[in-house]
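**Student:** What follows is each chain in one-letter form.
Number of protein chains: 4
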Amino acid sequence: MMARFGCVLVWLVAVNSAAAFAPTTTQNAARSLALRMTTESAAKDPVKVGVIGCGRIGIVHLGAINKAPGVIPVIVSNPTISKAENAAKTFGVPKFTSDAMEVITDPEVDAVWICSPSQYHADQIKACAANGKHVFCEKPIATDLAETVEAINACNEAGVKLMIGLQRRFDPNFLRVKTAIQNKEVGNTIIIKTCSRDPSPPPYEYVKGGGGIFNDMAVHDLDMTRFLAGEDPIEILAVGSCHIDKSIEDLPGSEAFDTASCIVRYPGGVNAMVDVCRQSSYGYDQRAEVLGTSGMIATDNVYPNTAKIYKKDFTGNADMPFDFFLSRYFEAYVTETEAFCKSLVEDSAVQHGY
Amino acid sequence: MMARFGCVLVWLVAVNSAAAFAPTTTQNAARSLALRMTTESAAKDPVKVGVIGCGRIGIVHLGAINKAPGVIPVIVSNPTISKAENAAKTFGVPKFTSDAMEVITDPEVDAVWICSPSQYHADQIKACAANGKHVFCEKPIATDLAETVEAINACNEAGVKLMIGLQRRFDPNFLRVKTAIQNKEVGNTIIIKTCSRDPSPPPYEYVKGGGGIFNDMAVHDLDMTRFLAGEDPIEILAVGSCHIDKSIEDLPGSEAFDTASCIVRYPGGVNAMVDVCRQSSYGYDQRAEVLGTSGMIATDNVYPNTAKIYKKDFTGNADMPFDFFLSRYFEAYVTETEAFCKSLVEDSAVQHGY
Amino acid sequence: MMARFGCVLVWLVAVNSAAAFAPTTTQNAARSLALRMTTESAAKDPVKVGVIGCGRIGIVHLGAINKAPGVIPVIVSNPTISKAENAAKTFGVPKFTSDAMEVITDPEVDAVWICSPSQYHADQIKACAANGKHVFCEKPIATDLAETVEAINACNEAGVKLMIGLQRRFDPNFLRVKTAIQNKEVGNTIIIKTCSRDPSPPPYEYVKGGGGIFNDMAVHDLDMTRFLAGEDPIEILAVGSCHIDKSIEDLPGSEAFDTASCIVRYPGGVNAMVDVCRQSSYGYDQRAEVLGTSGMIATDNVYPNTAKIYKKDFTGNADMPFDFFLSRYFEAYVTETEAFCKSLVEDSAVQHGY
Amino acid sequence: MMARFGCVLVWLVAVNSAAAFAPTTTQNAARSLALRMTTESAAKDPVKVGVIGCGRIGIVHLGAINKAPGVIPVIVSNPTISKAENAAKTFGVPKFTSDAMEVITDPEVDAVWICSPSQYHADQIKACAANGKHVFCEKPIATDLAETVEAINACNEAGVKLMIGLQRRFDPNFLRVKTAIQNKEVGNTIIIKTCSRDPSPPPYEYVKGGGGIFNDMAVHDLDMTRFLAGEDPIEILAVGSCHIDKSIEDLPGSEAFDTASCIVRYPGGVNAMVDVCRQSSYGYDQRAEVLGTSGMIATDNVYPNTAKIYKKDFTGNADMPFDFFLSRYFEAYVTETEAFCKSLVEDSAVQHGY
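Quick mapping for you: the protein sequence lines, in order, are chains A, B, C and D. Under numbering that gives the first Met the number 0, the first sequence has 342 at position 343, and the numbering climbs by one with no breaks. Under numbering that gives the first Met the number 0, the second sequence has 90 at position 91, and the numbering climbs by one with no breaks. Under numbering that gives the first Met the number 0, the third sequence has 192 at position 193, and the numbering climbs by one with no breaks. Under numbering that gives the first Met the number 0, the fourth sequence has 43 at position 44, and the numbering climbs by one with no breaks.
Worth flagging that the hints you see were computed from the coordinates, not collected in a lab. One should not assume that every hint holds.
Because identical chains cannot be distinguished in the list, a pair is counted as satisfied if it fits within a single copy or across any two copies.
Said to hold, decoys possible - When the alpha-carbon atoms are kept at most 20 angstroms apart in a straight line, the in silico PhoX-like pairs for lysine-lysine are as follows:
#, residue 1, residue 2
1, K183, K310
2, K82, K341
3, K341, K47
4, K47, K88
5, K125, K245
6, K341, K310
7, K207, K88
8, K311, K183
The task is simple: from the sequences and hints, build the whole structure.
**Tutor:** Structure (structure tokens):
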């Protein structure tokens, strides 16, 4: 099945105030971050935040808030209040509640982190705007385009900031590619390629009603190509298929796909190629490659350490090295023979004879 | 057990006419070789050679002679004459014999390839010299120093060329390191490191009486460090141990070792570090590394193709990649949080917000 | 500009007798080839061939014919006869002519290698068929579909073999990927990716009238995806753009592209992604990657040797390593602190304390 | 100059209470650490520490103390009191002083971090012991053996813990090698290799009086081989030379070396090879390799991100890829020729013909 999308529908607004990208030296970004976190933390009045939702992603953001300097969590909410209570205890947050509106209306709160299920996002964003709170919201802004536009407008009118969490833009690897493009380290961009492969497919329940692989998975990659291209796309060609879990094949539209390929066309002539798959037996695979007029930059996956192991039949190479000196050095034997014969014919010294 | 060697004893003369090393561009050496072999082959009168010994190494040299342009085999010998006959048939050699002296005295022969067991080398070299034949001889020249000197002198006096086959000097990988040194691509040499690990240990019978790991195995590495250093060493520090096949532990001297480490000191201040082992479960391991004042050059092993395979737990890395977005992008979540808080505090646009 | 192709037009028939793919162990294919070439060459009556065209590709095939056992060139032709004469001399071919028909009708010739410009292919194939000669022809069979079908039919009717040269199918790297698929080393194929980037763009004259980037360049990649998929595609989505040499932008159709991206859909649900570019500043780039249900296989480019050089700012990595122990070991300092504090609190020995 | 050391003198006691090494799964160690730091930090009463010395290494430890959960700094000292004040302000430490003894005698302090110059270490350790404070001390314990033993004895008698900071033991990369050894992932250890190369040489003043390259630099590597071998060495063979800064050549003993090579012999038959150099133009180089009876594990250097850049002549490879299809696919052309000829001779389908 081939699908061609209007771009807008699948496209998320990352932030409502467009920012010029200001590359920083990334040489020691990760570590200098660590130092900054230590040394700058006491500096200013911290930003006080509330977090709606204490599920998996809410906990991630609470962890991140706790590590980031200059920001402290003051209230968390979750419909199952025991989850809110546990999160509050774990992260030392003074208040917890089962009611998201208590977070949104809390007078102490400067900004709200919306980590609730997607269907609540638009309403909660609008409520934040109505209460003058800045908003950090997990993707998506809303589940349809009209509501998306409405929520953005509400923030703009209220003068509050709205940021959508597409965390890959802050990853040191993807960021290094962006920096290379900005600095023209590989010249002008010709083609952008990304791939995203999850370790294992999500449960049927997650896929069903999730809006399909382009919405719930490829969105990060599509955004990354936009981030790297530095402009909005004009057309997307996309196809999908089902290889892993045949039980989803009967779901509607792109919910039936666990694998997809896209070509994203940008106005400047740059094309981006994206492939995504819900299963990668060799682990979470997240790579990018940019070909430019004077070079290429490519990222690899991230491992906990640099150690490589070489064992019989498992060196990472498809085959073992040439098996002994006869095969390994066969060319050398021929060249050696040539060299000696040349020295005989020319009555000269042997090359490489020392 | 620690051993310190006089250098001369373990050191092989590679060729009796010292040659200045003339590096060639190696970019396409292997392939241009292929073309040269095709295009130049008809050029001059070929060198006619006889080969003594049709065992494993004799067959390798016959194969190499057949691939090298400008040289043709005219006679082969082997004590078991059926082996000589088979080799002659396989490689299209017109004459075969059981008697090495028939090769050495054949009036048609310009040069003799000595591929017999080590104990015959010295006498056969001297016989070649007496008959005015050039000599290509597999290592070693002889089994002791006195005979070695005698054989070299015989060739020098007779005015015939003598080349000892240390084929690694002609390998594109090691040769590239030599070229880098000659061209000062990494500055002045500081340290040289090589390692040699055989796929599996030789049989007890090969080790016993073979003169030990320094003579029968490390000799190639010691020669390589000398080739790369471009001078003769002044001292060798060496130790050995037995890890693989405990049955050799009772053999005398360094025959009891299947693993050895050496530091070879060169007069210019360069030290070379060599380690050898008779077993490498992950295949034949032959690498070199040179640190210079302005860089490093290092070679890897040679595989039949460039394909890499990534499977569960077998990617070549000691560990799998970070397992999903929570761990993979944890740093990114923190940086993202910081970025949004910074934009709130400074009322500025979010960095990387596009 | 977006183009969707009927598949047939851009698709080349590789050989008229469909062959089951019979993978061989590739472990030492390259080298055992070398040995085979030596040892088997005398075996049977050689195939006698004539070569039409002594341009660049004709010379390549003459070189290959000279290296392959069991085949000998007996006549070559080129309209500029001096080129034919030179080729004959270089490769030891007894006869040469300016007239291709003399090759095709030569009674000694078993098979003809057609290395002439594309517009002559179809007629020469049909002439070969008429004369009962087997045909090896460089791509394409013809410049349009009708002639293509006609030429194939002519060979089938005459009972002569017709092979089109798509040499990548015989490359050890691509072949290794094919073998992995055949052996299900990475499970069932999910997605195929290839990229092809030429070192530098061809001259304007080559591009003009060449039929465009899909015909003169991507054809190899499209064929490779078909070779790897093992079936014929059902649809191709393709886009192109011009980044390198703006002078071609006014050429018609896909002749105006120097960069193209394709998604090729196969009936089994496999999608292939192909990107090609006429310029790669970092050298000829030819890679393939196949994701399967149980792993991934990927090939890298081919270098003359395995040596890597590490210099200031040029290690291959986008950035230098962490610059000294403070940044390199920052995590270790934290873990160390934790470990000591843990031992104090628990009055236990320090972990990793040896 | 060749030096052979008694082992004790150059050997540092890492911690006075020997600990069995308890490997943990390192898969996500770094990240799970981050989570642990967040979630466990409130758990127990924190360890209160004082830090002596606010120079470079003191600041590193203050940073690490601030990131580690369960530990808080309560007092810092530095002879130049403004440095102590700045450090206190930066890290939020309530007390600062110019007098190290005020740290050692502070009743609030549980443990003292000694980050003063080496010559004060022994006395300060003994003072800590006398005051019942646990001690974390930067290497070395003392500048001679007698004082070293005395300081250790003082701690043992007072029943306080003493840990010497050799942070590489806590680095995820080296630690992964240790884990592999413990888990016999590469079988029994045969040989251990490490190399350490600093980005640039220290100033003359640092080298002079520093005790030489084995004491001030190789100590980390020697300790690492001991950590990996899991036992104390029985002999060290070592040589040194001067390549970088000739001004140090006149310094006494091993202070005259900027490069050194060591072989460290362990009682179990394992030999370790260590090379160190005070200059690496390609950045801080810190690698380890262990050969075992069933495999090899090797670590690489650590970069801020995984991005690789490929540009003309700077791909990390010593040479560019084969330059175009003629050289890249030369072997393929030969194999292709063979395949077609084989199909002619045998009247069979062409292999790889699809």
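**Student:** If a hint holds in the structure, say so; if it doesn't, say that too.
**Tutor:** Against the structure, the hints come out as follows:
1. In this assembly of identical chains, the alpha carbons of K183 and K310 lie at most 20 angstroms apart only when taken from different copies (12 angstroms versus 41 angstroms within one copy).
2. For a Cα distance limit of 20 angstroms, the shortest separation of K82 from K341 qualifies neither inside one copy, at 82 angstroms, nor across copies, at 29 angstroms.
3. For a Cα distance limit of 20 angstroms, the shortest separation of K341 from K47 across copies, 12 angstroms, qualifies, whereas the shortest one inside one copy, 81 angstroms, does not.
4. With identical chains, the CA atoms of K47 and K88 are at most 20 angstroms apart within one copy only, with a shortest distance of 17 angstroms there and 23 angstroms across copies.
5. For the identical chains of this complex, K125 and K245 are neighbours neither inside a copy (39 angstroms) nor across copies (49 angstroms), given an alpha-carbon limit of 20 angstroms.
6. In this homomeric assembly, K341 and K310 never come within 20 angstroms of each other (Cα to Cα): the closest approach is 42 angstroms inside a single copy and 36 angstroms across copies.
7. For the homomeric pair K207 and K88, neither the shortest alpha-carbon distance inside one copy (34 angstroms) nor that between copies (54 angstroms) is at most 20 angstroms.
8. When the C-alpha separation of K311 and K183 is checked against a cutoff of 20 angstroms, the pair qualifies only between copies, where the shortest distance is 15 angstroms, while the shortest distance within a copy is 43 angstroms.
Violated hints, in rising order: 2, 5, 6 and 7; the structure is consistent with all others.
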